[in-house]
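Whenever a hint applies, use it, and build me the whole structure from the sequences.
Okay, so the sequence shown: first residue is 9 according to our numbering, each after it adds one.
For the record, the hints were derived by calculation from the structure and aren't laboratory data.
None of these values were measured; they are calculated from a predicted model.
One should not assume that every hint holds.
FRET-style restraints, in silico, Cβ to Cβ [what the hints assert, rightly or not]:
1) G72 with S24: 15 to 25 Å
2) T97 with D43: 20 to 30 Å
3) T86 with V29: 30 to 40 Å
4) P73 with A19: 16 to 26 Å
Note that CB positions come from ideal geometry on N, CA and C, so glycine has one too.
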Amino acid sequence: MKLQIGGDSEAGITVSANAEVGDHVGEVEAAVEGDGTTISFNARYLADVLTNVAADQFALELNGPLSPGVFKPIGDDTYVHVVMPVRTTS
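Encoded structure:
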């Protein structure tokens, strides 16, 4: 699953997924601080974060497309979930 994160001037995240049975592209509203980037994660690991934590909003902290993504529920400093990115050819 690829996340294209807009920079300060173009907030939002474009989520794209490619599978054998079809492709999907969607937009997620997000407040973005800093430069934009593109990063890919295994979809199962992202699903683990989003389904196992009861939070309406998450902070995603990134240092680059090959650095781990740190997911933190907004308002809950007791939980941190780290997801390693995957290398893609595109």
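Here is what the structure says about each hint:
1. Taking 15 to 25 Å as the suggested C-beta distance range, the pair G72 and S24 conforms, at roughly 19 Å.
2. Judged by the Cβ atoms, the range 20 to 30 Å given for T97 and D43 holds: they are separated by roughly 23 Å.
3. The beta-carbon spacing between T86 and V29, approximately 38 Å, falls within the hinted interval of 30 to 40 Å.
4. Roughly 19 Å separates the CB atoms of P73 and A19, a value that falls within the hinted 16 to 26 Å.
Hint check: no violations occur; every hint is consistent with the structure.
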